[in-house]
Amino acid sequence: MKERERLKERRAISPVISALILSAVVLTVGGVVWTFSQGAMTISAEDYAESVIDMTDTISERFIIEHVYYEYVDEVPELYVFVYNYGTVDIEVKVEVKGGTYPAAEETWIEIPSKEMIPFPTIDLGTIPSSKEELNIRIYTRRENNAYYRYLVP
Amino acid sequence: MPTTGISCRRGTSTILGTIIFVGIIFSAFIPMMLVIKQADTLHEMRKHELGILEQERGDEALYVYVQTVKEPPKLIIKVQNKGALSVNIVRLWINDDSFPIDYNVQPMSSIETIYSYTLQVPEDDDSYYIVVTTDRGNSIAFDTYLNWDFDLGWGSDIKLVNILINSLPGNIFKIKVIGPELTEPFTVDNETLSLKYEPKFFDVPIEGEYTVKIYRGTKEIFSEIATISDEEPVYWVFA
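Protein sequences appear in the order of chains R and U.
Position 118 (the first sequence) corresponds to 117 in numbering that gives the first Met the number 0; numbering is contiguous.
Position 176 (the second sequence) corresponds to 175 in numbering that gives the first Met the number 0; numbering is contiguous.
The reader is advised that the hints may include incorrect statements.
[As the list claims (entries may be wrong)] With a cut-off of at most 30 Å between alpha-carbon atoms, the simulated BS3-like pairs for lysine-lysine come out as follows:
#1 K93(R) / K46(U)
#2 K199(U) / K173(U)
#3 K81(U) / K175(U)
#4 K81(U) / K36(U)
#5 K77(U) / K114(R)
#6 K81(U) / K114(R)
#7 K173(U) / K212(U)
#8 K114(R) / K46(U)
#9 K46(U) / K131(R)
#10 K36(U) / K46(U)
[Claimed, not checked] Chain R stretches covered by chain U per the calculated footprint, using a threshold of three residues with CB under 8 Å from any CB of chain U:
#11 21-33
#12 44-54
#13 63-71
#14 75-88
[Stated by the list, open to error] Label-pair distances were calculated between CB atoms; the ranges are:
#15 V75(R) / P30(U): 57 to 63 Å
#16 E206(U) / Y79(R): 19 to 25 Å
#17 V152(R) / R215(U): 54 to 60 Å
#18 P153(R) / K81(U): 47 to 53 Å
#19 V75(R) / A60(U): 26 to 32 Å
#20 A83(U) / M54(R): 28 to 34 Å
#21 K81(U) / Y68(R): 27 to 33 Å
#22 D73(R) / E111(U): 39 to 45 Å
#23 P179(U) / P120(R): 49 to 55 Å
#24 K73(U) / V72(R): 26 to 32 Å
#25 Y128(U) / K97(R): 21 to 27 Å
None of these hints come from the bench; they were simulated from the model.
Beta carbons are placed, not taken as given, at the ideal position from N, Cα and C, and that holds for glycine.
My request is simple: use the sequences and hints to build the entire structure.
Have a look at this one:
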């Protein structure tokens, strides 16, 4: 009986060592959690800030189709479109007219810096529009904003 | 004795855990919240600025006039700012040619000349279309047809009484433009507005005073005298 009680009171390691081990475990786990949470929250904050800046740029886009005219040059029906970016952010645009998109290449966009007006590259309409035909011109940006213009062929 | 030892160790871990938790709050969570709050504030500020820009864009009241000179054939482009905001003109269009301009027109200004355009080789029956663009993205056209004729010089043979009714879409009006003696009155019966601000144009034959009357049903709701002259061939009525 006495032997059993004596054995119960025995410890495998000293209290000082066990306290050290426990503290080390807490510090290690805590440090890992700290590092992980700091990294995760930094990434979350950066992602959020980036998405808000993107959204701000999207709503900041302001542009108009300032002028359009049509010419029949060397048997080619050509349309000239002038876009004015009066907003505070630079934009990248494409034009859509008569079912065609210009520039046609998917990754090619026309850049218009803020407060600039640029003539769009000449658009070859392919078929000759008839007099008084209505051309619906749509300009859209990479950020998916639109501007429309209705042009009556003279 | 063993009980005291365990609670002591628990106390150490609790203190360490609390320090780590507080550390995480201060070094990760609070900076993240500050960044998010700052981004939101910038977004709201931008929205507010854009709201002001749109408001100012709508409030611009720039009028464009063109004076014609016969010898040498010339167009003198003038503007007047009748609004409460100053307007920056960035570009002038004469037909399909653009001319960059940097001109500021103060609010409630008198008529100011912004550009003088001498026609190089005018051809008979050439027509000219003048548009002014402002930095807020408004394009204002001179609404009178300008035509060059070798014999007559500048001709602007269109005389118009334009009527703009501010009413809800779908309302039905009767518009009567009664001209000077010997001219037939122009009457438009049951004119339905499809847009809130939809102008109606009346091409009148001669100079003189025209009385514009607008009826709703049989009741006359508006009357104004529009004077058409060589100097002012286009008269706008805002009803």
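Proposed proximity, K212(U) with K173(U) (alpha carbon, max 30 Å): Between K173(U) and K212(U) the Cα gap is close to 8 Å, so the pair holds against 30 Å.
Given hint K114(R) paired with K77(U) - CA-CA distance at most 30 Å: holds (23 Å)
Given hint K46(U) paired with K114(R) - CA-CA distance at most 30 Å: Given pair K114(R), K46(U) holds - Cα atoms ~19 Å apart, limit 30 Å.
Claimed coverage, the region 63-71 of chain R by chain U - three or more beta carbons nearer than 8 Å: Check passed, 4 qualifying residues.
Distance restraint evaluation - V75(R), P30(U), Cβ atoms, bounds 57 to 63 Å: Since the Cβ atoms of V75(R) and P30(U) sit about 60 Å apart, the hinted range of 57 to 63 Å holds.
Distance restraint between K36(U) and K46(U), which requires alpha-carbon spacing of 30 Å or less: holds (15 Å)
30 Å limit on alpha-carbon distance, applied to hinted pair K81(U) and K175(U): With Cα atoms ~29 Å apart, K81(U) and K175(U) stay inside 30 Å; holds.
M54(R) and A83(U) - C-beta distance against the hinted 28 to 34 Å: For M54(R) against A83(U), whose Cβ atoms are near 32 Å apart, the range 28 to 34 Å holds.
Hinted pair K46(U) and K131(R), Cα distance within 30 Å: The hint is violated at about 40 Å.
Whether the CB-CB distance between K81(U) and Y68(R) falls inside 27 to 33 Å: Given a distance of about 30 Å, which is inside 27 to 33 Å, the answer is holds.
Coverage criterion applied to the region 75-88 of chain R (partner chain U; beta-carbon cut 8 Å; 3 residues): With 4 residues in contact (Cβ-Cβ under 8 Å with chain U), the coverage given for the region 75-88 of chain R holds.
Within 8 Å of chain U (C-beta), three or more residues of the region 44-54 of chain R: holds (count 7)
Comparing the model with each numbered hint stated earlier shows that hints 4, 9, 16, 17, 18 and 19 do not hold.
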